[in-house]
Structure formats: C-alpha cells, structure tokens
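Peer 1: Below, each chain spelled out in residue letters.
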Amino acid sequence: AQKITQTQPGMFVQEKEAVTLDCTYDTSDPSYGLFWYKQPSSGEMIFLIYQGSYDQQNATEGRYSLNFQKARKSANLVISASQLGDSAMYFCAMTSNFGNEKLTFGTGTRLTIIP
Amino acid sequence: GAVVSQHPSRVICKSGTSVKIECRSLDFQATTMFWYRQFPKQSLMLMATSNEGSKATYEQGVEKDKFLINHASLTLSTLTVTSAHPEDSSFYICSAGDRGISQPQHFGDGTRLSIL
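Here the protein sequences come in this chain order: A and B.
The numbering of the first sequence is our numbering, which starts it at 21 and goes up by one.
The numbering of the second sequence is our numbering, which starts it at 32 and goes up by one.
Straight-line Cα separation of at most 25 Å, PhoX-like style, residue types lysine-lysine; simulated pairs: (1) B:97 - B:51; (2) A:122 - B:97; (3) B:45 - B:95; (4) B:51 - A:122.
Bear in mind the hints are in silico, worked out from the structure with no lab data behind them.
What you are looking at is a predicted structure, and each value in this text was computed from that prediction instead of being measured.
Use the sequences and the hints to build the structure in full.
Peer 2: This is the structure:
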C-alpha cells in the first residue's frame with residue numbers, strides 16, 4: 021500500500037521568503053510518480069509539479085522546485101519568493117503502477133503568507 | 032483553460048433527494064476517471080475509479096448502492112448520490128488524465144453538496 025505523510029498542518033511565512041513543505045512517502049513499487057497540488061479556498065486542485073521515481077534531477081517549475089531524496093523517501097516542495105497568492109492548502113500525492121494511476125494524497129499543509 | 036468540467040458546482044437539497052454530478056473531459060478522452068470526497072479541513076479520499084464501458088471500482092468502505100457511478104462515454108462520468116442524507120454533505124471532486132503514472136490528473140472544480 022502507498023502512504024503519503026505531511027507533518028506540517030500549518031505554516032506561516034513572510035512574503036518574499038522561501039518556504040519548504042515537507043512530504044515523505046512509502047511504497048513498495050519501484051516505479052512511482054510524486055505530485056504536488058495547490059488547493060485555494062475556492063476548492064479547485066491546481067497541479068504544481070511532478071517528479072518521477074527514476075528522474076535523476078529534481079523537478080522545477082518556475083518558483084516551484086521539488087527536493088527529491090529517494091533514499092529518504094522524501095519529496096519536499098520548495099516555493100521561492102513567496103507571494104500572497106500562494107496562501108492555500110498544499111497536498112503531496114503519489115501514483116504507482118501498482119496503484120493503477122490512482123492518486124494517494126497526504127493530509128495537506130495550510131500555507132499562509134504574511135504581508 | 033479547464034480540461035475537466037464538473038457540474039454542478041453547488042447543490043443544496045432536502046434529505047432523501049438523489050443528486051447527480053457530472054464530470055467531463057473537454058479535450059481528451061478518458062477511459063478512467065476518479066471520484067474523490069473531501070470533508071472540511073481534510074484531505075481528498077478516493078471513493079471510486081470510474082471505468083468507461085464497465086463497472087466502477089469502489090474503495091473499501093464506499094457503498095456502491097449509495098454512490099452510483101456511470102461512465103457511458105470516453106468524456107463523461109457521473110456520480111449519483113442516492114437518497115442523500117446530511118452525513119453525505121461534502122465536497123466531491125473528480126479527476127481524469129492521460130494514461131500513465133507520470134501524467135498529472137486534471138481535476139474538476141468540485142461540487143459542494145449540502146443536504147438539509
């Protein structure tokens with residue numbers, strides 16, 4: 021079975037600072053994908069970044085980067101130069117071949133950017 | 032623009048009513064769609080996998096007769112909450128994606144269901 025753990029229920033960060041959201045995972049499947057989604061208060065799920073288990077380099081998408089440490093089974097999201105619009109819930113999720121493309125979500129981290 | 036459309040976005044109805052929620056993939060064909068449920072301040076929990084042309088696969092603990100799923104075409108899946116009760120009030124959200132575990136799922140905007 022797959023499991024995603026996000027240990028930070030909430031975080032407060034000053035605007036323009038960088039922030040790291042933690043995510044650890046557990047799976048017995050050698051091939052898997054890791055995702056981060058943002059959920060604003062309106063409810064929609066916004067895809068941010070993807071990391072494949074065989075990718076050699078850490079994924080980056082604009083201000084988002086994923087700090088992938090395979091041996092530690094961690095996939096932390098780094099947001100650089102935070103903005104007020106970054107305030108939202110952030111979910112780490114994974115899929116695997118064993119899971120038939122189903123997404124397993126962590127419990128989420130509520131990020132609040134302070135002006 | 033949105034690649035997955037979910038309708039309606041909000042439903043308020045009386046206890047005992049059946050409610051149908053639609054999930055459409057707009058510019059791609061989806062043989063598989065997923066339905067999630069999210070209670071306030073909680074994570075998304077997968078309810079079922081909707082399979083085009085065949086029966087849905089339900090997660091453990093999800094009542095098949097309560098949550099009817101139909102995936103009659105490659106672009107449409109529907110979730111019907113039958114005889115809804117207040118405890119069924121929740122945020123329901125669907126997703127669909129291209130094949131492969133490396134492809135991100137595209138989510139609908141969700142349906143906020145309130146049963147009075």
